[in-house]
Amino acid sequence: MRRSALAGALLVGFVAVWAWVASWGSVDDLTLASPGQTWHALRANRSLLLDNAWVTLYEVLLGLAISIVAGAAFALAMHLSRPLRDAAYPLLVASQAVPIVVLAPIFVLAFDYGIGPKLAIVALICFFPITVNVLDGLRSVDPEQLKLMRSFGASRLRTLRSLELPAALPSFFSGLRVAATVSVIGAVFGEWAGADRGLGRLVLMDNNQLATPRAYAGIVLLTLMAVALFALAGLAERIACPWNHTPERTT
Amino acid sequence: MAMVEAAPAMEPSSSGEGPSVRLQGVERSFGALTALAGLDLDVGSGEVLGVVGPSGCGKSTLLELVGGLQDPAGGTVVVEGVTGARERRAACAYMPQRDGLLPWRDALGNAALALECQGVGRAKARARALPLFERFGLADFEHSRPAQLSGGMRQRVAFMRTLLPGRPVLLLDEPFAALDAITRAEMQSWLADALAAEPRTVVLVTHDVEEALFLADRVAVMSARPGRVVAELDVPLPRPRDRRAAVTDPVLAELRRRALEALR
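Just so you know, the protein sequences line up as chains G and Z, in that order.
Each residue of the first sequence is one higher than the one before, counting from 67 in this note's numbering.
Each residue of the second sequence is one higher than the one before, counting from -15 in this note's numbering.
Just so you know, the hints here were simulated from the structure itself, not pulled from any lab data.
You can trust all of the hints, since none of them are fake.
For the chain Z half of the interface with chain G, some residues (derived, Cβ under 7 Å), not all of them:
1. Gly51
2. Tyr78
3. Pro80
4. Gly84
5. Trp88
6. Ala98
7. Cys101
8. Gln102
9. Arg129
Quick look at which bits of chain G chain Z covers, simulated, 3 or more residues with Cβ under 8 Å:
10. 211 to 219
11. 223 to 232
Remember, it's a predicted structure, so these values are computed and weren't measured experimentally.
For every residue, glycine included, the Cβ atom is placed at its ideal position computed from N, Cα and C.
Generate coordinates for the entire structure from the input sequences, incorporating the hints supplied.
Now the structure itself:
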């Protein structure tokens, strides 16, 4: 309760500073829209913004889904095969070092203007945190526990199912939370490289046409989208891993 | 306490056929470190052997060698007539110092885990674990997660998990070391009763001489590294023993003196 009150106060403070800076005479309305103007733009363009937000959300969710499936499968393969892990880890890091902004136009050339390049970019950005976290989770299992499973006569598959996969679940959700926040950025990059719909494209267009308040409205929606996805991933973790949250008994 | 009907598969081989566990000239080293050098030890069928020794004397290594989790560099380890690591694993049930309960499984699921690992179906394994909860004083805690249980309760769940596959040899690695003194004393009495009702060949490793003398038929004292058996003390008192009587028993007092002497 106190925490959310503090978060609310910080938000109000941020908006207040924003409004104050926007009120300076030296700040051009075309550079910085005030909170009031942004709010007005949000209401006035509600249906246009929402239509485009759905497009972007769709790209984000589909891209995230691809990265979850691919990332978890890749982490599992790397966990089960030592040679693959040694060989693929540098590639995995390299995949993250590639400047996505530069890659986006190339993807558009390769996949055309459709949803393809957006999905590829979102998936590429989200793949790394998910893969690394799932792999870490799988590998962080206590060696004593593994020894115990061996003493029970457990098969490799049984150990994976009963011990390693559940143990890696909280790490997977940590990765998913990171992925959820960056996924929206990925979709925006994808749309900037070439798109005819979407919130990212709308913001870019509004910038060029000096429709600053609407651009700010779009940015607010994109931010809300990322925050909501982050919160959803946290909620999913609480539901899927209740043991991580039960209070310890003291006696 | 009644017998555990859930575990009829393997009983300790009847007495007179030689020891249940036999180690002869066992050597084991880790790099330049010699953990065990020429260790000889027999454990009779249905006998409770306590193993005490200073920290790092290779007590845990000894258990893992018996339990088929390691192989000796020299000498032989025979458990219930078999020597292969896999066969030894199948004859032993191992209980670690930390309970090793899985936090996402409830107590019943944890108790059933070893059975499931042997290929018993989930529902069947849980059904076989269920009657033990009443017997071991954990009725109504079947669906609690480990985090909701006290240290003593968790060790009891771990012990059920060890017992359920019905393996003839139990290997207990300092099972109560992580508990507070009062709970530890309670758990020792509890284990004494449980073993009386559920006779198995037991190797109990501990650093606590009192615990070994209270629970075991015989106590092997190990030397500091490289570990070997420097004394074997028979405890000529019937089990289970009464804790209050054990504190003042002159026989136990003398054995305690000799054990501490050997440890020096």
